[in-house]
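*Asks:* Take the sequence shown: its letter number 117 is residue 117 in the working numbering, and every next letter is one higher.
These are computed hints drawn from the structure, not numbers from a lab. Check before you lean on any hint, since a few could be wrong.
Distance windows between CB atoms, simulated [stated by the list, open to error]:
(1) G108 with E82: 15 to 25 Å
(2) Y28 with G49: 14 to 24 Å
(3) R122 with F99: 28 to 38 Å
No more than 25 Å apart at the CA atoms, straight line, and that leaves these computed lysine-lysine pairs for DSS-like [said to hold, decoys possible]:
(4) K102 with K91
(5) K101 with K91
(6) K35 with K101
(7) K102 with K35
(8) K61 with K102
(9) K35 with K91
Since we're looking at a predicted model, the values are computed, not measured. Note that beta-carbon positions come from the ideal geometry of N, C-alpha and C, so glycine has one too.
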Amino acid sequence: ASGGLIYVADMSGGMEVSCETLPATEVYADPMLDKVFRNLIDNSVRHGGGVRHISALAEVKDDRMVVAYSDDGVGIRPEDREHLFELGYGKHTGFGMYFAKKALEMTGITIEESGAHRSGVRFLITVPPGGFRASGRTG
Numbered sequence: 001a002s003g004g005l006i007y008v009a010d011m012s013g014g015m016e017v018s019c020e021t022l023p024a025t026e027v028y029a030d031p032m033l034d035k036v037f038r039n040l041i042d043n044s045v046r047h048g049g050g051v052r053h054i055s056a057l058a059e060v061k062d063d064r065m066v067v068a069y070s071d072d073g074v075g076i077r078p079e080d081r082e083h084l085f086e087l088g089y090g091k092h093t094g095f096g097m098y099f100a101k102k103a104l105e106m107t108g109i110t111i112e113e114s115g116a117h118r119s120g121v122r123f124l125i126t127v128p129p130g131g132f133r134a135s136g137r138t139g
């Protein structure tokens with residue numbers, strides 16, 4: 001993906017989705033990366049309890065790229081957080097977050113949830129050194 005604001009949508013019900021990337025940035029990831037983000041958005045809409053805003057913001061920290069995906073929904077209960085990425089755990093199929101973690105791990109990318117219950121989700125997706133190229137340099 002190239003840099004800048006790459007996606008903004010005003011979805012039914014007035015929900016806004018935005019995604020900002022770094023200028024001239026490419027992530028070396030499995031083609032399933034798109035499905036990971038689709039799953040996160042679906043979960044926000046399906047389980048977020050009235051989500052009005054979803055965002056994804058990428059930045060380089062040290063030699064890694066971190067994409068912070070967040071929404072303004074109800075967040076994840078503390079008792080659910082430790083099981084979030086387990087196969088069969090969840091409110092719908094129990095496969096989505098397990099799939100997301102496994103799809104990202106194939107290329108060394110990690111995902112963790114650091115949001116606060118009742119204040120929305122915040123997933124930090126970390127791309128390792130060598131897993132991206134930004135502004136003509138490899139990170």
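*Asks:* Taking the hints in turn, state whether each one holds.
*Replies:* Taking the hints in turn, this is what the structure says about them:
no., hint, verdict
1, G108 with E82: 15 to 25 Å, "holds (23 Å)"
2, Y28 with G49: 14 to 24 Å, "violated (35 Å)"
3, R122 with F99: 28 to 38 Å, "violated (20 Å)"
4, K102 with K91, "holds (19 Å)"
5, K101 with K91, "holds (17 Å)"
6, K35 with K101, "holds (11 Å)"
7, K102 with K35, "holds (12 Å)"
8, K61 with K102, "holds (23 Å)"
9, K35 with K91, "holds (19 Å)"
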